[in-house]
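Single-letter residue listing:
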Amino acid sequence: MSTTNHDHSHAGHDHGDHAHAGHDDHHGPARGLTRWIFTTNHKDIGTLYLLFALVMLFVGGAMAMVIRLELFQPGLQFVNPDFFNQMTTMHALIMIFGMIMPAFVGFANWMIPLMIGAPDMALPRLNNWSFWILPFASSILVSTLFMDGGGPAGGWTLYPPLSLQAGNSFPFTIFAVHLLGMSSILGSINIIVTIMNMRAPGMTLLKMPLFVWTWLITAYLLIAAMPVLAGGVTMLLTDQFFGTTFFQAAGGGDPVLFQHIFWFFGHPEVYIIILPAFGIVSQIIPTFSRKPLFGYAAMVYATASIGFLSFIVWAHHMFTVGMPLAGEMFFMLSTMLIAIPTAVKVFNWTATMWRGSLTFETPMLFSLAFLFLFTIGGFSGLMLAIAPADFQYHDTYFVVAHFHYVLVPGALFAAIAGAYFWLPKWTGHMYDERLGKIHFWLSAISVNVTFFPQHFLGLAGMPRRIPDYATQFADWNMVSSIGSFGFGLSQLLFAYIVIKTIRGGRAATAQVWDQPEGLEWTVPSPAPYHTFDEAPVVK
Amino acid sequence: MHRVASNARRLLSGALIALAGLSAALPARAAWELNMTQGVTSTAQEAYDLHMLVLWICTIAGVGVFAVMIYAIVTFQKSKGAVPATFTHSTKAEVIWTVIPTLVLVFLGYETAPALVRIDDTRNSEMTIKITGYQWKWQYEYVGQDYSFFSTLANTSNAARQLGSGVDPKGVDNYLLEVDNALVVPAGVKIRYLITANDVLHAWWVPAFSVKRDAIPGYVNEGWFKVDEPGVYRGQCAELCGKDHGFMPIVVEALPKAEFEAWLATKKAPATVAAN
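Sequence lines, in order, name chains A and B. The first sequence runs contiguously to residue 1109 in the working numbering. The second sequence runs contiguously to residue 908 in the working numbering.
Keep in mind the hints are simulated off the structure, nothing from the lab.
List of simulated lysine-lysine pairs, DSS-like, C-alpha gap at most 27 Å:
no.	chain 1	residue 1	chain 2	residue 2
1	B	Lys710	A	Lys1007
2	B	Lys900	B	Lys889
3	A	Lys777	B	Lys724
4	B	Lys900	B	Lys762
5	A	Lys1070	A	Lys1007
6	B	Lys822	B	Lys762
7	B	Lys899	B	Lys822
8	B	Lys762	B	Lys899
9	B	Lys712	A	Lys1007
Part of the chain A face toward chain B, derived, beta carbon under 10 Å:
no.	residue
10	Pro651
11	Gly823
12	Met902
Every residue gets a Cβ at the ideal spot worked out from N, C-alpha and C, and that includes glycine.
Work the whole structure out from these sequences, hints included.
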């Protein structure tokens, strides 16, 4: 994005819009590496977040490839079981904390100020810090793989006592989790302060684009949930090194307590990941339907309901720990409730398309795939809520299929859709539509080949987190592995398209798409380094 | 655009067929297994019935919602001259599509809650077995009978599963699902099990019984099963417990009650002799 260095002086004047009244006071970005290290500009930081997430997609993806390669056929061919467990653990940690969350924070940085008519994020230096924590935290996390005893191998849920059997890398893992959580909390504070204080005149809360709404609620979830995780992992650390026995039965502690703490963080975390995805899709579907989002207020309330419910359903991850009957009943029924606001969202997106005027550019294709495949993930989620059936589903590949459906064709597809949607605004260039469509079809087909058979495997009785399996699971595992290799390779095409678009391509107009709604489309493409120095007025 | 749409249609109809296939409860085949086992206990049957109920609800809802989406995608295309409508909300529609899922969920809860109560009821059991998880084996104790033993992965599987063993797992009988000493239980008897662990978390899972309960150090969990059909049933540890988590299977052999008692007597006899 170095091509944006001087563009604002031209583009800004060409349009002569209100965004550039204060132009003389500002200069373009610094040159060279220091621009990126010291930047306090929300667009630069957004770019850093997004590129970092793209890199981590391939780091975490490579780990997934190791997993699927080993599971390609029964027997152990490539890695030993301990390394396999490190791969499943690290794949999850990297993809959740290093890839999908930073990607959505990147969208927030780039788009929230543009969408609410603010000149930047409210706390720019904090913004710089919250990003620059990430590469160090992730490096620490990845470096544990090379330490004595290897990286964490007890699953991303870090359940004790197993997680306490880790090697010397254990404190590094905990430290990395602390740093990643800190980065998220700082980012969330910034997002809340920005949205609450820096909206343009006339931009009332219920006029904000849905993406801003979903991020506002997500940021609150993060602030509420992340410290709980930090507390939990700190207790693990003191159990390991300072003689406490929070989770050790031998000292009067309780291993199940950790699970409650973890999932009190972990379930809101699920919605922290999916709500911004809802937000992105809620921007894209109206644009390519040429019709405003149906039921805006209902969408806001549904998002808030999901946010609230996310704090009272956590123990549905723990139906097999031996809770009292009343506990199981409560968590089963409260979990079923989440289906209601989620269904409302799906119906509203469908109603947005109803009697619209649809076109199918790449962002829309990914959003439509999101709509269908996230719904499938939602259905399997409802199935998992049924406790008596969950005794069969729990800790099998059915669960793996479920959460990958909501995370990959759910959250990741929404992020990819958002990238295609706003790349022209970020770079000033149109991406290659033909390649984008190829990327879509390859991804949409291979993601289903990868994850749909995992439903069958789970129902047939294959536990998750095993490096080798009984021979009756061989056929679907091979299909799933072939799909995953296809999906992994397809994402190389995505990286190519993104790089190609950054480097050049057909010039994008300010509007980019056909009459899109929102302030971000009133500034030129690429968006000038400084926008909305003078607040726009929203009617 | 049109080609894209027809591709989308083909893909989606394919997905729907797959979904329908999943719900059709195809007869069990060795490899391309699609659905949950119906099992051999009343609990497993209840799990299966609820699974099928919710799967059908999801399938019907999915077919309905996807049909509307596909109709919208196919019909309201700009390339076909569709002009966008201007409506933005409808309180009536929101109420309808909030109330309908709510009613479906109330029905589902009504069907599910009693099953949960029955599964939880361990009263009136005739015998108790204590299960203890270790890294990476199971210990079974016949409570009050003064007899216990360990159960570990069978040697044939253990040899074949080593990295680069060169043994084709397909040639190993019950690869990874065979143990040296199976848990032997009487058929037709309500058995209460107590479960705990000695080191880390484990979970004892036999799909045919729909029994999956975590083994937790410091906790003694309980549950029950009653196997009506004599036979051999296999399962695995279902909670990550370290490097050999995938290699601590469970085999339960259900014998007619008389045969079980004879078996227990022969097993206990040498122990008694040794004690004397």
